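What follows is each chain in one-letter form.
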Amino acid sequence: MSAKSSLRQSVVVANPNGLHMRPATRFAQHARVLPHRVTVCHGDKCADGKSSLDLLMLIAMPGAELWIEIEGDDSSDTAAAIRALCDILAAPGDDA
Amino acid sequence: MDIRRGIAVSPGIAIGSALVLDTEGVVISRRTVPVEQLPTEKVRLSGALARAATEARSRERILTEQIGRDVGILTGHAVMYEDATLRRDVEKLIDDQHYSAEFAFSRHIRAIIRRFDDLPPGHDFTRLRADFFDLERQVLNQLLGITPSEPAPLAGEPVIILAADLTPSETAQLDPRTVHGFATESGGPTSHTAIMAGALEIPAVVGIGRFLHDVSSGDTVIVDGGSGLLIVDPDEATLERYRRLRLTASSHSVAHADDAMRDVPPVTRDGVRISLLGNIEFPSEAVNCLERGADGVGLYRTEFLYVNRTTDPTEQEHYEAYRAVLNALGPTRPVVIRTLDIGADKFSSASAMLSAEKNPFLGLRSVRLCLKNLKLFKTQIRAVLRAAVHGEVRIMFPMVTTVMELRQCKSLMAEVVEDLEEAGIPFKPRIPVGTMIEVPAAALMADVLAKEVDFFSIGTNDLVQYTLAADRNNENVAGLYNPADPAVLKLIKMVCDAAKARDNLTVNVCGEMSGEAMFIPLLLGLGLRQMSATPRKIPEIKRAVRNLTIADAERVADTALKMETAREVTTYLREQQRRYSPDAAD
Chain A
749 MSAKSSLRQS VVVANPNGLH MRPATRFAQH ARVLPHRVTV CHGDKCADGK
799 SSLDLLMLIA MPGAELWIEI EGDDSSDTAA AIRALCDILA APGDDA
Chain B
190 MDIRRGIAVS PGIAIGSALV LDTEGVVISR RTVPVEQLPT EKVRLSGALA
240 RAATEARSRE RILTEQIGRD VGILTGHAVM YEDATLRRDV EKLIDDQHYS
290 AEFAFSRHIR AIIRRFDDLP PGHDFTRLRA DFFDLERQVL NQLLGITPSE
340 PAPLAGEPVI ILAADLTPSE TAQLDPRTVH GFATESGGPT SHTAIMAGAL
390 EIPAVVGIGR FLHDVSSGDT VIVDGGSGLL IVDPDEATLE RYRRLRLTAS
440 SHSVAHADDA MRDVPPVTRD GVRISLLGNI EFPSEAVNCL ERGADGVGLY
490 RTEFLYVNRT TDPTEQEHYE AYRAVLNALG PTRPVVIRTL DIGADKFSSA
540 SAMLSAEKNP FLGLRSVRLC LKNLKLFKTQ IRAVLRAAVH GEVRIMFPMV
590 TTVMELRQCK SLMAEVVEDL EEAGIPFKPR IPVGTMIEVP AAALMADVLA
640 KEVDFFSIGT NDLVQYTLAA DRNNENVAGL YNPADPAVLK LIKMVCDAAK
690 ARDNLTVNVC GEMSGEAMFI PLLLGLGLRQ MSATPRKIPE IKRAVRNLTI
740 ADAERVADTA LKMETAREVT TYLREQQRRY SPDAAD
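These protein sequences, in sequence, are chains A and B.
844 is the number that the numbering used here gives the last residue of the first sequence; the numbers go up by one with no jumps.
775 is the number that the numbering used here gives the last residue of the second sequence; the numbers go up by one with no jumps.
Derived from the structure by calculation, the hints contain no laboratory data.
A portion of the hints provided could be inaccurate.
Listed below are several chain A residues computed to face chain B (Cβ distance under 8 Å; list not exhaustive) [unchecked claim]:
{"id": "1", "residue": "G766"}
{"id": "2", "residue": "H768"}
{"id": "3", "residue": "R770"}
{"id": "4", "residue": "H778"}
{"id": "5", "residue": "G791"}
{"id": "6", "residue": "D792"}
{"id": "7", "residue": "C794"}
{"id": "8", "residue": "D796"}
{"id": "9", "residue": "S799"}
{"id": "10", "residue": "I807"}
{"id": "11", "residue": "M809"}
{"id": "12", "residue": "A832"}
{"id": "13", "residue": "D835"}
{"id": "14", "residue": "A838"}
Everything numeric in this text was worked out from a predicted model, so none of it was measured.
Glycine included, each C-beta is placed from N, C-alpha and C at the ideal position.
Throw the hints in and build the complete structure from the sequences for me.
See below:
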């Protein structure tokens, strides 16, 4: 039986338009291919990281602090996965 | 004739018949269905979402092929149609409320949009709202079997689309062959629609305010995408003027002539050689400069090294990015590297340094930021000096406001030189040092700054913004932002005069002003002998230079400097452009 491993990391939204359609899409597309469960929380609101709609509904403005939590079994590379996801939210965007 | 001013989002001139797009939504007749039909409704919903996703992806693909790069907006829509949460929520409405698929989907999307509307003011959700209206429309079209209404061209004539607003999907469908331009009542410079119009190279003006009730399909209209004007029912003189302008701007007819320009030197009719350089953002663009016949790179922006990542670039990453451009340009063509020129808000490693600034454009950015983060700054300077071994490298500091800042930059360079010497690393100890002139204070103090540097480069975009205290992207004040404003001309003249008095110090102009043929006589007349613009514009500038003598240009500059308003200057410069470059207008 494999043990569960989970990681939590905070990230500040860098896109000057906040977590809008394009970063949310990028994030969800990336999260969907991961074997992990991905949750993103903004204050007390939490979203399924694989749903761009859920992510948009967090209404995360530029500068908002989000917590990303991912859960997977021990064999999966949780650290690399969370780093990649953080990078998407920390990116200043291409359409500022 | 009726002239409306909006926000210029995509340059170019379009003349044609107006096609006013219907802005009515889709009418949903069936609201609820019998219980036994609920499974069918859910199947219809799934099917519609899947088809909408497929269509969005294929439109994105077509768009990407058309414009040669990824826009990503319609992919965002596709990912949304496939969203498990979205489908689950709508299915729940069907199950619980016995809604038809259409009504459930529409209700749900409207509820989402209302949540944006209910948020406290302070952030603009216009774009997201437009996205969700678009999602609603596309899925309803699928459910109701409506094929999207193609803007029907009127008997093969070019049309100009006029609408309250265009959704990204609608914009993506516009065919540049039949749709020559568009103008909308709402929308801003950073809206998806504006970005797409720019990418498709369709002249467009947005944010005009209410005008649709004053125009009907079939009216002749002009879209002046460069100046942000919509002209309804133009008089004959205006029409004629724009027909000529359109010919000048038409990239198709000019492309041929551009090739011819590549191998001829930028020399005025009386034999004065002007140096034309390209502005680049990425190393890969260096070849574009050569293809367009530029003498070198006048502005190598280095921000790309810093953004979209969580750590600062290493010295080696800087070095390799500079090497790549030097390799492309060879050992003798100049390459002006501009040090980091963004605000701390734009990249993650520095954003921790400060809390959100109320007024970032007057805050800690560019050289100010670098002088507070010496490690970051020294890393870049080290890489520049090391790369300089391989070519004709010059370094330039942006947003310098006082001479003290410039002196700090230079003493930092001296420290870096010592470090490199001690470490025994190959580098070039002495390279030309320049300062950007883009803050009015720097222009006013140009005589003092001139003693410290080897060249000036006037960054007109910021100089205009800071001089006129107007943000060009703010629709309420964008009209003030104008490079032809007499205040701007006076500052440029001061800079040129200060340089002349200092042993003819080289002055370059980078920024959009030097990329516009209209300004070339003025800039030459003010004494500029070097200009830097986006590579695409180089042939056009070269052509303008070759049509002038220095005496012509000086006369133009003298006359323009005596004028009192930006409008007078613009009108005059356009006249002179027609006079000296008639070939461009035929």
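How the hints compare with the structure:
Against a cut-off of 8 Å between C-beta atoms, the interface hint on G766 of chain A holds, since the closest Cβ of chain B lies about 7 Å away. Against a cut-off of 8 Å between C-beta atoms, the interface hint on H768 of chain A holds, since the closest Cβ of chain B lies about 6 Å away. Below 8 Å, beta-carbon pairs count as interface contacts, and R770 of chain A has one with chain B at about 6 Å; its hint therefore holds. Because the smallest distance between the Cβ of H778 of chain A and any Cβ of chain B comes to about 11 Å, over 8 Å, the interface hint for this residue is violated.
Hint status for G791 of chain A relative to chain B: violated, with the closest Cβ pair at about 14 Å, above 8 Å. Interface restraint check for D792 of chain A: the shortest CB-CB distance to chain B comes to about 16 Å, outside 8 Å, so the restraint is violated. The interface hint given for C794 of chain A is violated, since its Cβ lies 12 Å from the closest Cβ of chain B, which is over the 8 Å cut-off. The restraint placing D796 of chain A at the interface with chain B holds, with a minimum CB-CB distance near 6 Å, inside the 8 Å limit.
The criterion of a C-beta within 8 Å of any C-beta in chain B is met by S799 of chain A, whose closest approach is roughly 4 Å, and the hint holds. For I807 of chain A, the shortest C-beta to C-beta distance to chain B is roughly 6 Å, which falls under 8 Å, so the interface hint holds. A least Cβ separation of about 6 Å between M809 of chain A and chain B falls short of the 8 Å threshold, and the interface hint therefore holds. The beta carbon of A832 of chain A comes no nearer than 10 Å to any beta carbon in chain B, farther than 8 Å, and the hint placing it at the interface is violated.
Nearest Cβ of chain B to the Cβ of D835 of chain A: about 6 Å, under the 8 Å cut. The hint holds. Proximity of A838 of chain A to chain B holds as hinted, the smallest CB-CB distance being about 5 Å (cut-off 8 Å).
Violated hints, in rising order: 4, 5, 6, 7 and 12; the structure is consistent with all others.
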